[in-house]
Amino acid sequence: MKEIAKEIIEAATGGDMSAFEEIYKTFSPMVYTVAINITAQTQDAEEATQEVFVKVFRGLKYFKFKSSFGTWIYRITMNTAINIYRSRSRRQTEAVSYDGLKVFEPAAPDDSKAGRERDHAAWLTAKILENISPEHRSCIVLREIEGLDYSEISEVLKIPLNTVRSRLKRAREAMIAYIRKEGLSYEL
Amino acid sequence: MNCKTAADLILTDHIDGNIEARASGELNEHLKSCPDCRLLAEEAKRAGAIFQGQARKDPPPEVWRNIRAEIEEARENGYLATFFEKMRFVLSNLKPAAVAIGAVVILLVFAATVRFTSMGNYAEIIQAREDVIDMISLNGDTAASESVPGYDLGTPAEIYFL
Chain E
47 MKEIAKEIIE
57 AATGGDMSAF
67 EEIYKTFSPM
77 VYTVAINITA
87 QTQDAEEATQ
97 EVFVKVFRGL
107 KYFKFKSSFG
117 TWIYRITMNT
127 AINIYRSRSR
137 RQTEAVSYDG
147 LKVFEPAAPD
157 DSKAGRERDH
167 AAWLTAKILE
177 NISPEHRSCI
187 VLREIEGLDY
197 SEISEVLKIP
207 LNTVRSRLKR
217 AREAMIAYIR
227 KEGLSYEL
Chain L
44 MNCKTAADLI
54 LTDHIDGNIE
64 ARASGELNEH
74 LKSCPDCRLL
84 AEEAKRAGAI
94 FQGQARKDPP
104 PEVWRNIRAE
114 IEEARENGYL
124 ATFFEKMRFV
134 LSNLKPAAVA
144 IGAVVILLVF
154 AATVRFTSMG
164 NYAEIIQARE
174 DVIDMISLNG
184 DTAASESVPG
194 YDLGTPAEIY
204 FL
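Chains E and L supply the protein sequences, listed in that same order. Quick note: the first sequence uses this note's numbering, first residue 47, plus one each step. Quick note: the second sequence uses this note's numbering, first residue 44, plus one each step.
Everything labelled a hint here was simulated from the structure, so no lab data went into it. Even glycine gets a Cβ: it sits at the ideal position worked out from N, Cα and C. A portion of the hints provided could be inaccurate.
[Stated by the list, open to error] Using C-beta positions, here's what the derived DEER-type ranges look like:
no.	chain 1	residue 1	chain 2	residue 2	range
1	L	Glu116	E	Ser179	16 to 24 Å
2	L	Arg131	E	Lys204	13 to 21 Å
3	L	Val152	E	Ser179	44 to 52 Å
4	L	Leu151	E	Met63	44 to 52 Å
5	E	Phe111	L	Ala166	58 to 66 Å
6	E	Thr59	L	Gly68	46 to 54 Å
7	L	Asn120	E	Arg121	21 to 29 Å
8	E	Gly105	L	Ile149	28 to 36 Å
[Stated by the list, open to error] Here's a subset of chain L near chain E, in silico, CB distances under 8 Å, partners left out:
no.	residue
9	Asp51
10	Asn61
11	Ala90
12	Phe94
This is chain E alone, in the form it adopts within the complex:
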């Protein structure tokens, strides 16, 4: 898990915007990537990233270094992204159509074999994640994409280790069932 020097956090807490920008540069790729995988929308991921860092800035004075800074940011990110995803899902069920929503697509087309494989993996990841619940999705994103271990996931999501384990199991069962059902290919 990524971390940052305590002095930078303290400087940002005192209102130093360049120190806060340092925090943003360190953690924004993580926040944005997690948010994309939870919300499956680039617009929502941008909104989530913005909201997360505003919350982080406002909450800095209350951060007492009891947990790691990275864990704290992961927690804020998960809660924010899941809330945005849920509220968008509610809006979508209430409305007939939504124009202008950019569904996440792999960014730059890359014609090399490795590039095409990466695009296929990104597309498949988005498809699979879309079909599991936000609770299971958050566990699988933290484990598979962010590489957190069970105890780190437990700390971020504030759930017991056994729950982490059972959610990962259910998420993987759901992923495999979905791939079987849709006849999707693991490889390009």
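The hints should help you fit chain L onto chain E, whose structure is shown.
Quick look at chain L alone, frame taken from chain E:
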């Protein structure tokens, strides 16, 4: 090992590299003789591999500009928002004991207020009665007002009928 236990291990500790040596040995033995669990193990591995190539993505530059603008705006409009923010933080972090103490204090203040208000009302009633007595005495019927001193609210008509 049965298939249920094997599936449980395959989808968690085995794939995540947390499996203990003994359980790993038992699982491998089971996999040798169970094609369904072998298939599950293979699929779980391949499903996990999909995520491995995922690179971190940077948010677009306007996200930082928006964050900066929002923070600066909040700073300019600051103090009231900060006060409510602090209150929200304090309330959201109140411990049950603090809530109980707060509730007791509120009850005591409420009880004291009610008591003082009641005493005020009682004094007003007494004063009103005395005013009535004075008014009667101003009517000039001294016999009526003096016959039962203090709380006698009698009038000439009542005296007539009595």
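Could you tell me which of the numbered hints above are not met by this structure, giving the numbers in increasing order?
1
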